[in-house]
Structure formats: structure tokens, C-alpha cells
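**Q** Sequence:
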Amino acid sequence: MNDIIPQYYTYIILFDGDTSDVSPVLRYADISELKKNNRGRMHLFDDSLVPILSAFEYCLHLPRTEMDTYNTDTLTLDNAYDVPQNILIIPEDAILQYPLQIQLTLIIYTENCSEKIKSFSKQFNSLLGAVSISELNELLLKKHWNDLYSKRNNWNEIRLIDVDKQFLFTDDEQLFLPALYTARQYEQTDYVCSEIIKSANYFETCTKIIWEQCIFHNGLMNCRDYIGVGVDEETIRKIFAEGMQKAKKNTFINVVITMPGVPKRQVNYGGLANDLPESEKKVIRLLGLHRAIAKEAVLIELPLIGKELFGKLDELEINCKNETNNKYVKKTLRDIGEIIENNLTQEQIWAINWAKHITVFSDFPIGLAVLSESDTSLQCYKNISYRPLSPLTRCMQIEMRKHQQFFLGKGCKIAFAECVINDKKNEFIRDCSEGVMYMLKKLCSENPNMQVTYCETLTIRELKKFIQDNSDVDILHISAHGHYDRRNNMAGLMIGNEFWMADDINFQVPPVVVLSACHVSPRGSGCVNVADLFLRVGAEAVLGTFVPVRAKRNMLLMNRLYTYIAEAIKGSMQYETLAELWSGIVATNAILEMKEDSPNFSKWIMGNDKYGHSRFIEFALKRSVGRLHSSKIYTDTILVIKEMLHEEGLDGKFDDVLSQDNYFPESFFYQWIGFPENIFLYNDVFRK
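Quick note: the sequence shown uses the UniProt record's numbering, first residue 1, plus one each step.
Hints in this document: simulated from the structure, not taken from any laboratory. Be aware that one or more of the hints could be misleading.
Claimed, not checked - Taking lysine-lysine and the PhoX-like style, the derived pairs with C-alpha atoms no more than 20 Å apart in a straight line are:
hint	residue 1	residue 2
1	Lys-425	Lys-413
2	Lys-603	Lys-632
3	Lys-595	Lys-570
4	Lys-413	Lys-356
5	Lys-552	Lys-603
6	Lys-165	Lys-116
7	Lys-410	Lys-595
8	Lys-465	Lys-413
9	Lys-248	Lys-238
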């Protein structure tokens, strides 16, 4: 590949709608007014966008970049990461008011748009011009692929043989779209199409194809150092075969899950539909397909989830506001896991078990589930990114555009906003918050490429000014009290004594937002929450909590988060992305949670054995190495601790603590939403 930058295509879909932005928090005089506005929709999709859904389907058949149209070398394909179609949805009159300053690839407009809009659209310097929705067909699709190849930047690249093999898939055939982009590179389009015809189970067939593609690609990567350096063909074939066998044992796949559904409370009081409208069902599939194409992932479409799931989570979130029974917490998480597992086929469970990253489109946090073959929540051993479905129009706007990737491996700027009043009542919370700040200052003093800016902001006005003044930072850390107002269906932040939902920001926010506050992202009741609204105003990844969290435990988690980021800046390659990092933190937090639940156990594990060795260091650096399996982290941790107790003649000691049901797994109740997988801690391409 030469140094010419390939084109990344941008598709514009114009719709007949209002350009005025809708407030993210709508307040109504009474319930009847709220129900009238929701009009029986489940995920609040804007009906005015229904006529353009076929345009989205068409765009999902088009190339993402010019590299999709020509032969691309294996190493370049290996470096591909998160490559979606970049689709922008724009009101028709907005294109007149705010002419776009970017290179457009194709403009699609509706039949009923004005002649002025049609004429104006065709004047844009768009590679493929402008067409109406009624003109979209299979012949035009083939023409568009060939036209884009002919208008490529890299003139030396050879056209793909399979470029002419374009088909407008409909209905369940669309599930194969994520497999086609790699299939074209390996001249396997005919094979995919033949498998569609023969298939009795589209999910199983598509999963098989994507799995085989990943194995084949990894087999080729095994040969990359031997091609073109004088190694004979027979030897290369042998190396390839060895690579294929190795790949079958250690190849993981990306998974996308869609799971529609809303809490019963929102149906009863908010007027949301009890059944999923066909239009919203179609939109949710488009979201899943768009993400699956970007990640070369398999798409798991779960049915409408019952109200029982949300009910269990809502009850759990309410109970956690007070002291709750640890056994009840673990039982609830297992119950949630059982309900979800009952809605999965064996093939889907296999895909989840072999997933390297899972993207979830749902209002329910699937990662909380403890599945039958594990003793810990799914998010402890799988990297999961959440995209809340409601409101569905906003979810679609956020998902369909190409998102920027950020690299923290060369440096990281943090803006720390302290919003908790410093008085007697908050003394311990402020001490813990200052503990995080102390750690940040220490890490920054050891690493010139890590910087932190601190400010006490006790009013909304002060906080907004602080955010605006530090818009160039990578991470915004807000230390505050959370306030969950069930009656008014909101969960937000207390900035000093002022309640804030982040619904009035009209300026840039940093890509990463850490909400160090209690229950700012509850999901059981379906309320509007501040974490989701930070996504709306431009954050790429937001960390929030479902329940109240203890200040000291939160401090320990935050300190671990920033310590690992600091290590990445120094060159550590332990975690590639923020999503991986958080999964690793939660998965290795078992011993710390047990320690925090029992002062006596804490005193013992933090003490020295008869040889003068620190038991905690002995556990972390020797005893547990290679023995803690991520899906069985608690069982394995307890086993190692009991071995250490046995050696000291302390059998039976701390049995009350060393029970899987007798500690509170607080770290389970943190959730990243947005695109934490696009926040890189190490990456060879970025480093170069």
C-alpha cells in the first residue's frame, strides 16, 4: 500500500423533518400529556423517519471506504478496526441553511422533497451525485460500486473481481451483510450466496462463515513473515496449515446483540407500547447490522424481553439504596442470567463464549447477568460496550456516523471537577475523592505526559465553565453526589446543592466522562439519566453506576483505572482499549471486594506470614498466577485463599467471607456506555 490516503465514504440521507433540536429532558404537566406524546411507541422512534429506512438499507450494501473496492493486502485488513458506513441523517431544509464542508459520496432524498432541495442536492460535489429513494435498486448498486472504484485515490490498486457481484438483500438475508466485505476480498461472494440458499438457520450459517473467515485470515497472518523473502511455496503452505490449526484454537469473534424492551413502569405511566412496532423492529436490526459490518461481527437478535427482567433490576437498584442482603444480590444476578440464557440458542451461547468484544443495543444491561457456566457477571470476562436504545432516533443518529478513535497511550489530560460540598456531612466522601486526586498527582509527577487540572465547582455555572475551559482534555472526571428522582423519572448529579442533568450543554465535551457518583445510570425503571445525556452532547464513552456505591471502594476502582492508564503511557501493552481495561479491573477485583467486606480478613490478607512475606503480594504475584479464570474468578480466588489458610493451620477461618454469596460485588454495578472500545491505550498504528 502506498502513502496515498484512501477515501472514507460519507452518505447523506435527507428527511422531511424539523431542524429544531428537541430537549433531551421533556417535562409534562401530567401523565396524560406524556402518554399522548409517546403515542404508543416503545423506544420513541420518530415516525417521520420511517420513509427513509429503505435508504439506510441501501447504504448498508455500499462500500465503507475505497479499500472495499480493490484488493487489499492481509496486513492492512488485519489493522482494520471499527469500519462502519458513515451515514449522516439531515433534515432537508438544513442542507440549504448549513451547506456541508466535507466530501460527500452520495445524497439520497425522499420523493416528496421540494424541487429546490433536489436541485440544490445535485449541485453538491458528491462522488455519486444525488438520487431519490425510488431510484435505489440492484442495478444502481452495481453501478455505484464500479463508479467508486473508478474514482479511487489509489490508482495503482487492482479492482476486486467480486465488485460486480452485488445483491440487494431483503429480510433475514441481510444478516449476511457483515460477512460479505471480507468475502469479496477473498473471492468468496459466490460461496456466501450459495450458503444463504442452502441455510435452514441463518444465524448459525452466518456465524460459521465469519468464524471461518477469521481463521483463514489468521492462517494467512501466520505466513506474513515468509512471503517474498525466498521461502519456497511448499514451506509456506505448511506454515499456513499450521497457522490454520493454531487459529482454530485461539480465534475469537466480535458479537453484536440487540435486545428490545422497556420496563413495565414506562408502559403503565409513560404510555410506551407493550409490543414492539414493526418500524422500530426494523430500525433496531439496522443498528445491529451497521455495527456488525463495522466489526465483522455476528449479530444476535434477541426477542422482546419480558418485564420480569427490568422488574428484578429495578427492585435490586431500589434495595441497594439501603443496606441489602448480599445473598439476595447474587441470587438476583443469577436469576437475570437464567432469564437471558433461556432466550439464547446453543449457537448464540457459543458465539458469546467465543466473543472478544460484545456490543449491546438495549436498555437493559445484559453484562450484569451471571450465566450458568460462570460465577461472575458476563461483563467481568467479556469486553462489553452498551448503546442504550431509547430514545431510538438519537441512538440511530449516534450509531450511524463514523466515530473518531482516541489514543491515550502517548499522553492523557484529565479535568477533575469536585462537586461535593466540603462539610462535616461529606467529610469521608471528600477524603476519598481527595484520595483519587492524590493518586492522580502522584501519577502525573512520575509521568510528564499525564496531566490533571483540579477545580472545586459547587454550582452548575462553575462546572459548565470548568468543562468549557478544559474542552481539550481527554477525560472529564466529575466527583459528585448522584440523585435518583424516581417520581420525576430522572437520575442526575448534585452540583453542590443544585440538581443537574447535563441537558443544557451547548459546547464540546471531552471524549471520556467518568461520573464518580452514586446511581447516576439506573436502568431498572427506564428513567432519563445523566450518563445517557453526556453521550447525546458528544462524549464517546461514559462511566456511570446503577446503584449507590461506597466511597472507599469507588476510590480504589478509580485509582486502579488511572494507574493502568499511566502504565499504558509508559508503554504497557496489557490492555489495548478502555473497554478491555475496565473488564480487567472488574475481573481482578474479587480479592479487594472480599477484603473490604471483612475487617478481620483484611487484616489477615494484608499482614505477613511466618516468613515475613506479605500475604497479599504472595497471592497476587505467585499463588494466583495462571489460576484465576475470568468466568470463575470468585471460585478460583476462594480456592487459592483457602490453600493459604490451610498451610497456616487456619482451616475454616473466614468461611463467612469466603462464600460466593456473602460479599457485595460492587464493581459489577459500574457500566460504560458509548464507544469505550474506541479509546485506545496502546496501538501500533497510533504509536507510529
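**Q** What are the numbers of the hints that this structure violates, sorted from low to high?
**A** Hint check: 1, 2, 3, 4, 6, 7 fail, others pass.
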